[in-house]
Amino acid sequence: MKTGFTDPVLDAQAGFRALMQAMARPGRVQQVIPPPELPAGLEAAAAATILTLADAETPLWTDAGEEARAWITFHTGAPLVAEPASAMLLLNTGATMPALATLHAGEDETPQDGATLIRQVTGLAEGSGWRLTGPGIEREHHLAVMGVPGDFPAQWRANAARFPRGVDVVLCAGGRLAALPRSVALREGG
Amino acid sequence: MTASAHMQAPDTDPGYNFAYLDEATKRMIRRTLLKAIAIPGHQIPFGAREMPLPYGWGTGGIQVTASILGPDDTLKVIDQGADDTTNAVSIRRFFHRVAGVRTTTRTAEATIIQTRHRIPERPLTEGQVMVFQVPMPEPLFKLEPRLAETRRLHALGDYSLAQVKLYEDIARQGEGGSSYSHPVMVNHRYLMSPSPIPGFDNPKLHMSPALMLFGAGREKKIYAVPPYTSVVSLDFDDHPFRPVRAPHACAACGSTTSYLDEIVTDDRGGRMFVCSDTDHCAENQMARKAAE
Ligand SMILES: [Zn+2]
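These protein sequences, in sequence, are chains A and B.
As numbered in the numbering used here, the first sequence has no gaps in its residue numbers, which increase by one up to the final residue, 190.
As numbered in the numbering used here, the second sequence has no gaps in its residue numbers, which increase by one up to the final residue, 292.
Heads up, some of the hints might be wrong.
As the list claims (entries may be wrong) - Some chain A residues close to chain B (C-beta under 7 Å, calculated; not the full set): (1) 16; (2) 53; (3) 80; (4) 136.
Stated by the list, open to error - Here are the computed distance ranges between Cβ atoms for each label pair: (5) 163(B) / 73(A): 42 to 52 Å; (6) 209(B) / 81(A): 52 to 62 Å; (7) 81(A) / 282(B): 47 to 57 Å; (8) 125(B) / 153(A): 26 to 36 Å; (9) 47(B) / 1(A): 42 to 52 Å; (10) 108(B) / 138(A): 12 to 22 Å; (11) 45(B) / 82(A): 25 to 35 Å.
For the record, the hints were derived by calculation from the structure and aren't laboratory data.
Since we're looking at a predicted model, the values are computed, not measured.
Even for Gly, the Cβ is constructed at its ideal location relative to N, Cα and C.
Take these sequences, add in the hints, and give me the full structure.
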């Protein structure tokens, strides 16, 4: 079994601060402290996010392979669920992304129950790409994302339209991550 | 399962986990904080833990601080603007002991500022996080004692009741902005209590570069205002909200823009006005000395 964080306490704290910054400043790319070893199919930022957030209280769906699934269970104790709609956390590493509209979005009085989708992508770059506006953004941020479905912007518009219900997304590439809280508006092509 | 043994920061008390809370509690609070940031102004219940300080000492704020704090942080704690009250000193000592974290009284040096009832005068920066101690998180509690009903009103965004009540209060008192806990609309969606800060501080919440986190220990709620988020004090065309300060200059630094506390100076009714923000006042005094 591959190890988890070198220091489970301080590395989780650093992982959380990266996630908190990412969620508070949508489109700004953050760096994580990489776990020293990674199971096949998981990159550092996605692995660190899982170690930071997942535990026995967080039903988790993933399409990652056997080694990653065993690693998640061993280090976090998170119950793995078969249906994306039943998950509180989703770790999506494959080419296909579960449609945002099919994930749990919370209820009107409990929108905080909306799921968090952690999506491993192939590239993240600030300064070009999607134009983001909303809470956390002074004027606008630009974020280029490689490795999401072509209809992601349309899916995101539908997700944002049901605010305060909705899904929040963490995009991970290598050891870097950026977040899209449901409150953010996304437009394509600058 | 996860290892429980770990390295302590060099000068912390080895009898505690880093920052006192156990890791499962921190994870739960951290997940709650991320959702609070994603839904600005929405109150989220959390499994508050007993802390080694009594309620009223900011146990909600302490749990939020404990969940975000790391060894690279510099912590400032204020109580009504002052760093030197028993409450502020105790909280600062607590975190120094259980997390070995650097503490400061200087707003400019702090990365995390835990506060009871004030926002510093010095403009905050993107590198800073404010943590508010909240006694009563529900802005509708005086109008609607049933929590289930307040949840429904927030879900609907139906704040007509609050507006009627506030209008009556303002019409009676004459002015909006002179009281504490003046409710605000966050991101044009949720009505939120800014905690018992003076109305004078409400505008500092609007489009602040800093992240604002709110923790209510007794009521077990967490909420947040992200940076650069619209925060508008509830008001009316005929009673617009105006931040109010005592119309004096600070007796110690001469400031005519800072929020002032009135201090009784003798038993013959003598009084003076000084900055509530002690660090700001000290900075002003130093600048004045340097200019002389
Ligand atoms: Zn002064």
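Comparing the hints with the structure gives:
no.	hint	result
1	16	5 Å, holds
2	53	6 Å, holds
3	80	16 Å, violated
4	136	4 Å, holds
5	163(B) / 73(A): 42 to 52 Å	51 Å, holds
6	209(B) / 81(A): 52 to 62 Å	39 Å, violated
7	81(A) / 282(B): 47 to 57 Å	56 Å, holds
8	125(B) / 153(A): 26 to 36 Å	32 Å, holds
9	47(B) / 1(A): 42 to 52 Å	30 Å, violated
10	108(B) / 138(A): 12 to 22 Å	21 Å, holds
11	45(B) / 82(A): 25 to 35 Å	28 Å, holds
Violated hints for the displayed structure, listed by number in ascending order: 3, 6, 9.
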